[in-house]
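Trainee: With the hints as constraints, model all of the structure from the sequences given.
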Amino acid sequence: MAFFDAAAMMKGLRGAYASGKTRSYEWRVSQLKALLKLMSFHEKEIVDALRSDLSKPELESFLQEIALLKESCGLALKELHRWMAPEKVKTMMTTFPSSAEIVPEPLGVVLVISAWNYPFLLSLDPVIGAIAAGNAVVLKPSEISPATSSVLAKLLGQYMDCSAVKVIEGAVPETTALLEQKWDKIFYTGNGKVARIVSAAAAKHLTPLVLELGGKSPVIVDSNVDLKVAARRIIAGKWGCNNGQACVSPDYAITTKEFAPDLIDTLRSELEKFYGKDPLKSNDLSRIVNSNHFNRLSKLLDDDKISGKIIHGGQKDIANLKIAPTILLDVPEDSLIMEEEIFGPLLPILTVNNVEDSFNIIKSKDKPLAAYLFTNNKKLKENFIRNISAGGLVINDTTMHLAVPTLPFGGVGESGMGAYHGKFSFDAFSHKKAVLLRSFAGDLSSRYPPYTPKKLNLLKALVNGSLFGILRALLGWHD
Amino acid sequence: MEESPGLARNLAELRQTFRSGKTRGLEWRKAQLRAILKLLDENEDSIFDALQQDLGKHPVEAYRDEVGVLKKSATYALASVEKWMAPKKGQIPLLFFPARAEVLPEPLGLVLILASWNFPISLALDPVIGAISAGNTVVLKPSELSPASSSFLANTVPRYLDSAALKVIEGGHDAAEQLLQQKWDKIFFTGSSRVGRIIMAAAANHLTPVTLELGGKCPTILDSLSISDLEVAIKRIVGGKWGLCSGQACIGIDYVLVEEKFASILVELLKKCIKAFFGDSMPNLKNLCRIVSKSHFDRVSNLLGDPRVAASIVHGGSWDEQNLMIEPTILLDPPLDADIMSEEIFGPLLPIITLNKIEESIEFINLRPKPLAIHAFTKNERFKKKLLSETSSGSITFNDAIVQFVADSLPFGGVGESGIGRYHGKYSFDTFSHEKAVLQRSFYLDLEPRYPPWNDFKLDFIKLAYKFDYLGLLLLLSGLRRIFKRSN
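Note that the protein sequences, when read in sequence, are chains A and B. Its first residue numbered 1, the first sequence is counted upward by one per residue in full-length UniProt numbering. Its first residue numbered 1, the second sequence is counted upward by one per residue in full-length UniProt numbering.
Note that these hints are calculated values from the structure, not bench results. Some hints here could point you the wrong way.
Unchecked claim - Using 30 Å as the maximum straight-line C-alpha spacing, the simulated DSS-like pairs for lysine-lysine come out as follows:
hint	chain 1	residue 1	chain 2	residue 2
1	A	LYS78	A	LYS37
2	B	LYS89	A	LYS78
3	A	LYS273	B	LYS22
4	B	LYS463	A	LYS378
5	B	LYS385	A	LYS423
6	B	LYS183	A	LYS182
7	B	LYS385	A	LYS378
8	B	LYS357	A	LYS11
9	B	LYS463	A	LYS88
10	A	LYS423	A	LYS381
11	A	LYS277	B	LYS30
12	B	LYS83	A	LYS378
13	A	LYS193	A	LYS182
14	A	LYS423	A	LYS460
15	B	LYS83	A	LYS379
16	A	LYS88	B	LYS30
17	B	LYS463	A	LYS281
18	A	LYS381	B	LYS30
Unchecked claim - Across the chosen pairs, the derived CB separations fall in these ranges:
hint	chain 1	residue 1	chain 2	residue 2	range
19	A	ASN290	B	LEU459	26 to 36 Å
20	A	ASP317	B	GLU27	57 to 67 Å
21	B	GLU381	A	GLU340	56 to 66 Å
22	B	ARG382	A	LYS21	13 to 23 Å
Ideal placement from N, C-alpha and C gives every residue a C-beta, glycine not left out.
Mentor: What follows is the structure in structure tokens.
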């Protein structure tokens, strides 16, 4: 029983949508421009909220949240006309004469449920897609990042058309109330457990979904690589992304027994360059979001099965919810840290005899959101691309595929369903309606009863595309 | 519920086959598609027999809607699968240089296809064509309401297709329930919205993506037309209603919307056409499918049970319970709150709803759940545009009915209550694929400013980079930008 009337809110939104206003190009552009304005004028407020929620370094806030959003908005504004245009398609002999096209249309009223780790980005990026596609949208930011949630509610309330774009803050009761309504699409970013709850609610109304989840994204490190660059890119993707609290962070690493010492040494020296000798004091690392997650991560480190396996880091500052970049070596497969997505600054390194053996380890687990490989070996690259299934793959880097708008961003299996970014965001919130325009001329009698063997022959000839067969059938034809 | 050990064994075998990588090769996929074509070629008569038994379907209908559709589909897939399997290159901003981005389609794994009974062969094998071209292993469960077709598929498919990769599992409710408890990489379902919800709820437990091809009340709008156009329109409406499995089709015409003043001529022309196509009275009806089962027969005939509905019958209304035949029936303005106007009819009853002006059809349609298809017979360009932009449906066809089904370049699927996802042509391949993003980078040109420790220089760099302000970047890197900034 939430304090807000979800049904009344829906009624209002459906009225706004039915008025047709969100469908117009002008409305969509005005809303996208309003988002750009809001981001430009309130950058400091946003950065402050992210620091409050996550102690997120300013550069990460700028680089990984604000800049990406501005890009996304800018791209939508630039391409919107093209995205909204019908797509003509070829028609075939069987429907001659005709013309056909695919027309994108909004789904209606959609719900975006966001996450706490990139609370600004993961709220507004889907909203950009929803608005570009012409929908009315409700955004439910995560209550675990309350400062950002509050800033979003305030700023969107100020800048956006509130009859069609709403922010509902709250926790489980509010989310439950929202999920009881009938939405035309639900876009959820988060974990598999809650995703199942969202899916079950959606099933009641046949509501289609995009689920952006996570998993254990592995990084394989081969030996003949530029180790310094590889190490820096791994560090940037792990600790440089909200201190490992990112769905695409490398979760664990795999390398050969032979190469592991070199990898570890380089990681340690680069880590020191990035974060200093006492990383708990560095301003360039996010903290752990709250004590729940801090305790969760502590438990992973306290697991008996991994005692003695911590080879770097492990320091904790419970008062400030900070955990230092930590590396573990050869933890057992059945340890807690290898069972679930870590979502924190702990990097287990598993070693194998041959680098190819790493594929079996990865395949024995659920399909992750991302998988990474550092190598110069062409065959290994090809093998990896062909045989490792994940939402997305990156070779010789980490996480960068997020920033390429021509690549769909989404999971598969346990890591999610659907995709977005760039035009994929517009598509995710659209229905692509098939339109066939026929003429009254060229009516083929063989379509209709009474059915005769001759009609059957003509149909067969048409299907087989045999011109000769068609002629023969037509000539033998008596109406 | 006790799971049958046979099921567990079958699934283990299918997963093992997938893991072996056999289904990923182009040659294997093409061989399976050729096998489907061979199956259709060599068993045409048996297929006609099965459909005759299950639905009283005439061979011409059977060819047009099932065999022919499948042949086209398999041939198109065979010619295109190599192209479909190829990675698609994506453009990358210069900032990422050197890099390569592409999207690579890959199979999902083990998929479940649940077919319907009204086009029991094509609605089973058409999704299979998609699943196989995409490189998956498949369990196909035909509908138990079309037992002859189900049996045909169970007996014949293993003789042509690789049974280590594709299995047909027959059965009813219990079999379906057992199957739904398993973890699939995709579920493809054709059927009613009611069952669609059950499927989706089961899929939710495993986060299994679904394609649901459902139905709804597909409206047909008939605007005023010239006599010659009207004659063609009538044929297409009659063909699109009763010529398609006697109204038991998801994209079949459910009801017609027409201006009041044309109602009586419409009824007259429909009557004439029905007579020409199907014969003039109950015992002499030809070229018409029967109702699939007693329970559906009861469901449809009960729609006429409401006395207000019965009173609106202007043609037909009789039935032969023993042979499960219902006469083509036309109703004029049955009450809108009767079941016949709130539920999908899926039978040979055609309500005609009259309006003052044809433009009112837009509001009429929008008050109801989004249908799978809208058919609009009109030559008024302005009205066409309005319909197109103000209504929502899986598809919309102007001046014809049903035929969009065979347009392979058009996606076939619903929206809202009429379904999730789409297939046909390349969309079939896509619906059973995961589009994997692949980004390849090089070790060269590693950009320092990506990494902490952070400072103003790096912040400047990144701000410029995000605007793709390459000149600004050059200036910054060469130290000149700072000079310009300071001097301003």
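Trainee: Does each hint fit the structure? Answer for all of them.
Mentor: Hints, verified against the model:
Under the criterion of a C-alpha separation no larger than 30 Å, the hint pairing A/LYS78 with A/LYS37 is consistent with the structure, at around 16 Å. At roughly 21 Å between alpha-carbon atoms, B/LYS89 and A/LYS78 fall within 30 Å of each other, so this suggested pair holds. Straight-line distance between C-alpha atoms of A/LYS273 and B/LYS22 comes to about 48 Å, which puts the hinted pair past the 30 Å bound. Restraint check for B/LYS463 and A/LYS378: not satisfied, since their Cα atoms lie roughly 34 Å apart, outside the 30 Å limit.
A threshold of 30 Å between alpha carbons decides the hint, and for B/LYS385 with A/LYS423 the separation of about 25 Å falls inside it, so the pair holds. Of the pairs offered as hints, the one joining B/LYS183 and A/LYS182 holds, with about 26 Å between alpha carbons and a cut-off of 30 Å not exceeded. With a C-alpha separation of about 53 Å, the suggested pairing of B/LYS385 with A/LYS378 is violated against the 30 Å cut-off. Note on B/LYS357 and A/LYS11: the hinted pairing holds, with a Cα-Cα distance of about 28 Å set against a maximum of 30 Å.
As the CA atoms of B/LYS463 and A/LYS88 are separated by approximately 39 Å, the hinted pair breaks the 30 Å bound. This hinted pair checks out: A/LYS423 and A/LYS381 have alpha carbons roughly 28 Å apart, not beyond 30 Å. A threshold of 30 Å between alpha carbons decides the hint, and for A/LYS277 with B/LYS30 the separation of about 60 Å lies outside it, so the pair is violated. Using a Cα cut-off of 30 Å, the hinted pair B/LYS83 and A/LYS378 holds, with the two alpha carbons roughly 23 Å apart.
Between A/LYS193 and A/LYS182 the alpha-carbon distance is near 21 Å, which keeps this suggested pair within the 30 Å criterion. As the CA atoms of A/LYS423 and A/LYS460 are separated by approximately 41 Å, the hinted pair breaks the 30 Å bound. Taking the CA atoms of B/LYS83 and A/LYS379, the gap is near 23 Å; set against the 30 Å cutoff, the hint holds. Of the supplied pair hints, the one linking A/LYS88 and B/LYS30 holds, its CA atoms being roughly 29 Å apart against a limit of 30 Å.
With a C-alpha separation of about 26 Å, the suggested pair B/LYS463 and A/LYS281 falls inside the 30 Å cut-off, and the hint holds. For the hint pairing A/LYS381 with B/LYS30, the CA-to-CA distance comes to about 27 Å; that is within 30 Å, so the pair holds. Range check, A/ASN290 to B/LEU459: Cβ separation about 28 Å, and the 26 to 36 Å hint holds. For the pair A/ASP317 and B/GLU27, the supplied restraint of 57 to 67 Å holds, since their beta-carbon distance comes to about 59 Å.
The beta-carbon spacing between B/GLU381 and A/GLU340, approximately 59 Å, falls within the hinted interval of 56 to 66 Å. Look at B/ARG382 against A/LYS21: about 21 Å separates their beta carbons, and that is inside 13 to 23 Å.
In the structure shown, a violation is registered for the earlier hints numbered 3, 4, 7, 9, 11 and 14, in ascending order.
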